[in-house]
Amino acid sequence: MQVFVGIWRPTEQWLALSRPARTAYLSKLSAATRLRLGAKAESIAWAENINPESTERTQFFCVWRFPTEAMGEQYLAVLAEHQWNDYFETESFYGAPKTPFDVMTKHVML
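Every letter in the sequence shown is one number past the one before it in the numbering used here, and letter 33, counting from 1, is 110.
Among these hints, one or two may not hold up.
Derived Cβ-Cβ restraints for the label pairs, each shown as a range [as the list claims (entries may be wrong)]:
1. ARG99 <-> ALA173: 32 to 38 Å
2. SER120 <-> ARG86: 18 to 24 Å
3. LEU187 <-> VAL80: 19 to 25 Å
4. GLU119 <-> ALA154: 29 to 35 Å
5. VAL180 <-> GLU150: 20 to 26 Å
6. ASP179 <-> GLY115: 28 to 34 Å
7. ALA157 <-> HIS184: 30 to 36 Å
Hint data in this document are derived by calculation from the structure and do not stem from the laboratory. For every residue, glycine included, the Cβ atom is placed at its ideal position computed from N, Cα and C.
Use the sequences and the hints to build the structure in full.
Below, the structure written as structure tokens:
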């Protein structure tokens, strides 16, 4: 299993689109995502960032659970195919979940 976290904020190109164009784009992207990833991709949470220290850099984020690393790559491919990065400044992170102890041990071992 993989946990995927995406963070993003809109670009000027996105803000220049009309609301109907934004809606059409997001509908098309959502359909492509469902088609490519299927039912095994689990959308855990989507939210608007309300942390005042980081809202300028990151306005939105999402958390997914994917059964395989390959599915994370497939999700990124769908975004790329639909020019997501033209509309949003994005960072993505994913990996197999670990215990807090395992991750803190990695910190010590750096």
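Exercise for the section: Give me the numbers of the hints this structure contradicts, sorted from smallest to largest. Expected result: Checked against the structure, the only hint that fails is number 4, while the rest are satisfied.
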